[in-house]
Amino acid sequence: MIRSVMVINTQGKPRLAKFYEFQPVEKQQELIRSVYGVLSSRAENVSNFVDAESIFGADTRLVYKHFATLYFVFVFDSSENELAMLDLIQVFVETLDKCFKNVCELDVVLNYSKMHTVLDEIIFGGQVLETSSTEVMKAVEEISRLESASNAISLVPKSVSAWQSR
Amino acid sequence: MNPFSSGTRLRDMIRAIRACKTAAEERAVVRKECAAIRASINENDHDYRHRNLAKLMFIHMLGYPTHFGQMECLKLIASAGFPEKRIGYLGLMLLLDERQEVLMLVTNSLKQDLNHTNQYIVGLALCALGNICSAEMARDLAPEVERLLQFRDPNIRKKAALCSIRIIRKVPELAENFINPAATLLKEKHHGVLITGVQLCTDLCKVSEEALEYFRKKCTEGLVKTLKDVVNSPYAPEYDIAGIADPFLHIRLLKLLRVLGQGDADASECMNDILAQVATKTESNKNAGNAILYECVETIMSIEDSGGLRVLAINILGRFLSNRDNNIRYVALNMLMKAITVDAQAVQRHRATILECVKDSDASIRKRALELVYVLVNESNVKPLTKELIDYLEVSDEEFKGDLTAKICSIVTKFSPEKIWYIDQMLKVLSEAGNFVKDEVWHTLIVVISNASDLHGYTVRALYRAFQLSAEQESLVRVAIWCIGEYGDMLVNNVGMLDIEDPITVTESDAVDVIEVAIKHHTSDLTTKSMGLIALLKLSSRFPSCSERIKDIVVQYKGSLVLELQQRSIELNSIIAKHQNIRSTLVERMPVLDEATFIGKKAGSMQSTVSSPVGASINLPNGVAKPSAAPLVDLLDLGSDDVPAPSSSGGDLLHDLLGVDLAPASKQSGVNHSPNNNGTDVLLDLLSIGSPTQSSSSLPDMLSSSQGNKTPVSPLGLAAPSSNSIQATSSAGAAPVIDLLDGFAASTPKHENNGTAYPSVVAFESSNLRMVFNFSKQPGNPQTTVIEATFTNLSANVYSDFIFQAAVPKFLQLHLEPASSNTLPASGNGSVTQTLRVTNSQHGKKSLVMRIRIAYKMNNKDVLEEGQISKFPPGL
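Protein chains in written order, with our numbering: chain A, 5 to 170; chain B, 25 to 900.
Same shape as in the complex, but just chain A:
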């Protein structure tokens, strides 16, 4: 099972953190920091796998991919295939790319909740849910459509009432 998904920028700021096994906030930050510590000191042309047992405990592996200013990190246990996880990061990033049209760090930061929507369509409670980015996109678009549709209805009276109260 996948234990955690993190997106960290090259300065060590978390951009997305999802833990599929509960960790208290302080522990989460500590884990993010130690992962960043390991990743930032790694050379360019080395493998995408890092020994994570010292950080996450026994039977954990860590796979990461470095895109522009972001590290995409998956932490998982021995029941998952490392190489497949690497492909899953690829699926995740490709989907984001389709979603934001050439995704960059700013998209990730500002559309925090959309990131989660995408992630939740790919990984569900630590298990792989969907691996086709087309399918994921379909679901994500439908959710966005539902949101904006109901927002349009609910926002009109709200803005009107705010305007009236002035």
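No lab work stands behind these hints: they were computed from the structure.
Among the clues, some could well be false.
[Said to hold, decoys possible] Estimated spans, in silico, between C-beta atoms of each pair:
#1 A/25 to B/177: 21 to 31 Å
#2 B/308 to A/13: 26 to 36 Å
#3 B/408 to A/55: 22 to 32 Å
#4 A/13 to B/365: 41 to 51 Å
#5 A/15 to B/253: 42 to 52 Å
#6 B/365 to A/25: 23 to 33 Å
#7 A/25 to B/286: 24 to 34 Å
#8 A/57 to B/293: 57 to 67 Å
Nothing here was measured: the structure is a model prediction, and the numbers come from that model.
Quick reminder that beta carbons are idealized off the backbone N, C-alpha and C, glycines included.
Once you've looked at the hints, dock chain B against the given chain A.
Below, chain B without anything else, positioned relative to chain A:
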């Protein structure tokens, strides 16, 4: 409307946080936002609840406390609109966890939403449940989830399948309800649902034996067919990754097949063909293809034996190893590690490639490869492998040297075919990475050197040369100092030249130089300096010409701030200055250190699985059976730890040591070697650790009286400066040793059979009677010792009305079983046994003591014998 609650938009807040230059600024912004959100929460503001929670989630990710927003999640979930619910569920997953009480409140909302008409809301609820479901929720909501497994929309079906995994993990009893629906999912055509369905089956098999049997019987063939279809399926762009059709489905299917095939020959047989097909037909030039191959290899390794497939699998791994992609090499090493237990021979064939991986630029690959090489080493390939590794040690990264050194030392120690090779290799390691070598490694080296009497000259000369080149390697320096101290004369006179050596000219003063440099070097620590002083003392006798100079060096440390050095200096100086007559005897060469004992001692701390430790073949001490050597040492070791140091004078010590040496010798010449060597072994530790000392200036004088007995004297002489702890050890240790030896004489076979750590003891012996104690412990109850007392009649008369009584202090409890007889036949023609149970309430702190009384009738005359037993083996 509250002016604060309108606050900033989410985007603005994120911008404001991003604009912060320092952590303090960021904290200030976050604090302000949190205050506004709290105010808004207190006002029970509906309009901004949605936005507030979105902000809180961002703040949460940055690591600030957000617990005050938890109730807001529940309120949002309970509201009707989709966006509110979405943020509410998202918040639920991020801010709450299954351990919180609040979560109970959400169960009802979840139940409603799982039955909602909008399938996206059902999806949200499932997703939240899949992330935070507790055991209680699992019980409440399992029927809903089970129903959703047959939902018309595939998106819901797949989410329900994964949600079921969470449920059965939390409550394994629920597994049986899911077996049938899961089996139905395996017939799905939709890839997404099929993946999750296969995953659900795999997890069901993990929690339920029943499910495993069911799927094995009913679904194996179907799965094999599904896999066949996937492998042969035409191009499907949706699930295509880098030109490979749906690698994830491949992998999930292979994984489930592995679970089904493990331990079941029929199922394994059934999947052989398709595995072979996957292994041969999958393209291996893409990551996705390799992922499938990797999974396939793991499945082949796990299912029931099929020789041909395994060879195929290991060859795939061999190909992986030479792949240019780091990731592929990494996983191949991981898998070979597992494969080695299945087929070591096949893995050996890829040794050269694996060795190359030790030199990889990637630390994680290096580490894996090193571990693998370590497992691959055996007697036949140790030489070339070690050479490669040591060559690499020269160029490896600093941070890798520690690992590498430890592994090389371990390999060399385990498999060395001959001593000279061992010494050579160790010297190379010490010169390259002596600072990374652990203490016990160079201790072992000294023991081995001491045993290789024909190599003493060679070794000391090699060390002298190595020292000239790598004087900064601490452990090399220590070994060099020790050897020069012991064999300095061989260094100067080129004694024992081997053919392979180049002659070397070293003067006496050069040898002293080495030690002086080492002592004065700023990085040398206390141990090195102390060893240096001892070596100087030894050289002062061996090189009379340098005696004055050595005295000067020693005297310099009279004012050392370190007590240990100061004391050694003063004591040694007094030996050099005032006791010329005994000095030469005092500093004689150390007797050969006993390898078997040393290794036995080490085995206690380092569990070694290899059957041929280096010492076994070389020097068994005069025929002591090897199994008995190890407990002997344990005993002494424990003795030194547990027994409080008795305030015995030096005379006692001497007596004890001599006693140890003489008493067994007279009884049983076969065993006299070990106690003597134990003394020296302790000494070695003492020298290296530099334990605190107590002045005992009377000792040298007293020692001079024992010149006649050479071997025990020289270790003693050396020990003199730091003799407080050796007094404790040897006087405490000596008594058990003697007893022990008697014990062996009486009951050796028995002792070897039970194999426990506690040897038998002759607890009491008079001219008429001997009583032997055998100890055993019941597992899991360390406090209680079962003592089997065996009484033997040494006289020519039969004893009748034999009664044994014992009394113990308050911290012990004693229970006496009835004796086997009350008549003891004459002249040892039989014995009486009686079992005692002693419970030690101060176990580990106090050892056993016992007062005994034995009454019997001999020739109708009452005889009473009494005694106190305090020499129980420690640890009871």
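_Range hint compliance [Cβ, residue 308 of chain B to residue 13 of chain A, 26 to 36 Å]_ = About 34 Å separates the Cβ atoms of residue 308 of chain B and residue 13 of chain A, which means 26 to 36 Å holds.
*asked:* Verify the CB-CB distance for residue 365 of chain B and residue 25 of chain A against the hinted window 23 to 33 Å.
replied: holds (30 Å)
*Does the Cβ-Cβ separation between residue 408 of chain B and residue 55 of chain A fall within 22 to 32 Å?*
Holds, at about 28 Å.
*Quick one: are residue 13 of chain A and residue 365 of chain B within 41 to 51 Å, going by C-beta?*
The hint (41 to 51 Å, Cβ to Cβ) holds, given that residue 13 of chain A and residue 365 of chain B are roughly 42 Å apart.
*Okay, residue 25 of chain A versus residue 286 of chain B on CB: inside 24 to 34 Å?*
holds (26 Å)
_C-beta pair residue 57 of chain A, residue 293 of chain B: status relative to the range 57 to 67 Å that was hinted_ = About 37 Å separates the Cβ atoms of residue 57 of chain A and residue 293 of chain B, which means 57 to 67 Å is violated.
*In this structure, is the beta-carbon distance linking residue 25 of chain A and residue 177 of chain B contained in 21 to 31 Å?*
holds (29 Å)
*Mind checking the hinted window 42 to 52 Å against the Cβ distance between residue 15 of chain A and residue 253 of chain B?*
holds (48 Å)
Consistency note: the structure conflicts with earlier hint 8 alone.
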